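The listed protein sequences correspond, in order, to chains A and B.
The numbering of the first sequence is the working numbering, which starts it at 1 and goes up by one.
The numbering of the second sequence is the working numbering, which starts it at 483 and goes up by one.
Hint data in this document are derived by calculation from the structure and do not stem from the laboratory.
Fair warning: there could be bad hints in the mix.
Subject to a maximum C-alpha distance of 27 Å in a straight line, what follows is the list of computed DSSO-like cross-link-like pairs (lysine-lysine) [what the hints assert, rightly or not]:
(1) K537(B) <-> K754(B)
(2) K620(B) <-> K339(A)
(3) K339(A) <-> K717(B)
(4) K560(B) <-> K537(B)
Everything numeric in this text was worked out from a predicted model, so none of it was measured.
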Amino acid sequence: MSRAQPSGPGGDDARRRRQRREPDARRGSFDAQILQLGEALRAEGVAIGTSELNDAFAALEQVRWTAPGDFRSALAATLAKSPEDRRVFDLVFERFFFRAAEAGALRHEVREADGDGITGGERIELENLRDQLLQAIRDGDDAAMRDLARLAIAAFGRRGEGSGVLGVDVQRIRRALGLRSEPGGPVQHGEAGVDGLPPLTREQVRRFEAHLRRELERAQIERTQALPPSRPLTDLDRALPTGPLQDLAAVHRVVAQLKRRLATRGHETRGHRRHAHVDVRRTMRASLQTGGVPVVLKYRPRRPRRPELYVLCDVSTSVTSASVFFLSVLHALHDAFRKMRSFVFVERISEVTGVFERERSFRAASEAISKDAGVADVSGYTDYGRVWSEFLTQVEDDLHPRATVIVLGDARTNGRDPRADVFARIADRAGRTFWLNPEPRLYWNYGDSVIATYERFCEAHECWTTRQLEDFVKALTRPAWD
Amino acid sequence: MSALPTTVDDVAMGLRAAGYLPGESTALVSYLAARLGKPVLVEGPAGVGKTELAKALSRYLGRRLVRLQCYEGLDEAKALYEWNYRKQLLRIQTEADGTGWDAVQDDIFGEEFLLSRPLLQAIAADEPVVLLIDEIDKTDQEFEAMLLELLSDFQITIPELGRIEARTHPVVLLTSNNTRELTEALKRRCLYLWLDYPATDHELQIVRLHAPDLSETVARKLVEVVQQVRELDLKKPPSIAESIDWARALLLLGADDISQDVFRETMSIIVKHRTDLDTVAERVGVRLVA
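Make a model of the complete structure from these sequences and hints.
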């Protein structure tokens, strides 16, 4: 069915919208489905306004509804406008129309030929099935994968054997087929890795698992004659398929932005606040253009002030999970700022500026730090009080109001004296002091966390993802007076 | 006004004829942009052909490309319009004494004294154009806010002159490398297109299109190597443009296979950081035949 009805921008839009508000016997139910899809997306946190939905309808006017790819792309282009949203959209779209189709099938009592869906797997040879499956997965052939998933379910998941929990069944069938995923590495498949073909990637296996899950679910719906309750997406579903190392690139990106902001922000405000010096020579030269009348005043260029950073990074065991993230922040900062000194600390403090200046690669730098940074940790427990005093002794003379101090740590003192007075002195001497805490705000000030003590002297931010780092960048570059 | 495309396939074919191989949704979104008259926000990693898409669209639609390259600190005077105040000043100076202020004022705030910058050019053009606002993420949020009027209503308000409305409807593309989150207001006015690195076959077609003399086997191997390199953790993964450069370099060198030696000598075309070079040599280079 071709609906390529050209409509001028504006014009009959309004009329179309009016029509839509009245329930229409032919199209009403489909429009309602789209609206429900919008609702489902909103429930997952995708910001969809009425204007987005209007755009979606306008876009659907222009494409063939019968081509699934076009239909989906048109909706995606109008509804999901960031990579994260796109990911959520893909998941929700799949689920939504799967459920809608199943609900329709139930309502109209459409059933597969024999009772409970999938049979006929008894005669399949395992080897044959696996070979075909590997081929299909490699080719990314969705239709074949779906058929083979059904066969696999028939072969391994006969009634009675299923555990009733979809996730468990999916993993059981995957294992029975010999599709193994190696932690972190590419996925091997039994002994077949020697046949010269590249091993399957994690993403490819995941795609097959999705088919498997869907077919299992379909069979379950057939059996029970009811849709299971819908569940919201988990954070795991939502996460973009990235490794920790791609996060490194993300950190670098955020820090590059931090640098730009720091460099330009001050710039704008300076002009308003202080008087500028006129460069007489250049003003005279410029006045030649206007017949000797000095219309354009030329000012002496004001060198942008380079922010000086002092960064202290906790590398003790309580922040192990976060310290890779912190070290990568440190590493990225070093790439971006010239005047920067960095320190790592556990029980005592040690300066690692040299390490980062020497080592351009993150891996080498973090190895060097763990080997010979000389963090004298007798107990392995952080001693913030001592760290402050040592830091102050080392840099007291260099700290000045234009310096920025950033502390990366969880503020867990292990019951030792937090020495907030020394920290206050540091914060006092430095221009601005920030604290990035790798713990969710919920855990702050519980147990031995004393972040509240320090928060009086600095601005504390929750920071354990790149997104939060970005928020920090925004806060950091916000003018001081708001 | 040049004719609008009537089907998605038209756009796909047109872009192909203009030397750009569109991916799955690229043709569709371009088609929607032309039909609905909405701007498109194109995001994706560096070097996947975001800017190239705009150029190809302008070639395909036969429209002039007006390009605004964004950077930090870009302001209205550089993007929209500026009063040519030197000229205004001279105009006032040459004025006879008796002329009243009103007459002069009417005079000096006319179009004659207006320096139009890319955005105003795109709006005021007699022929429809393709407007490319490149790397919008490099600008400040204030600049984005200024774009809103232009993107939703295709008009610009100049206080002294009034509103300038678009005579024709430009196709607008905004590109972003996703270095910062753009404002919701801007996104709401745009269609969204996410361009990612292409799949092997698609990239092979692209390379073959731009280096048609390279043999099929070498081209395929080249694309496979590039794809492997992209999977490594690099500071800057190779872009499509770099695959094409590499293909052309191999063509010049007359290489009939990508061996370890050839790879070692030419890999600086696709990898541009010292640390990345080491990683790639270690992880990909050794897998090739000696």
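Quickly compare the C-alpha distance for K560(B) and K537(B) to 27 Å and report which way the hint goes.
-> Distance ~22 Å between K560(B) and K537(B) Cα, so the pair holds.
Next on the checklist: Between the alpha carbons of K339(A) and K717(B), is the straight-line distance 27 Å or under?
Outcome noted: It holds: about 23 Å lies between the C-alpha atoms, which stays within 27 Å.
For K537(B) and K754(B), compute the direct alpha-carbon distance and say whether it is at most 27 Å.
With a Cα-Cα distance of about 26 Å, the restraint between K537(B) and K754(B) holds, given a limit of 27 Å.
- Is it true that the CA of K620(B) sits at most 27 Å from the CA of K339(A)? Holds - the C-alpha atoms of K339(A) and K620(B) are around 24 Å apart, at most 27 Å.
Of the hints listed earlier, there is not a single one the structure fails to meet.
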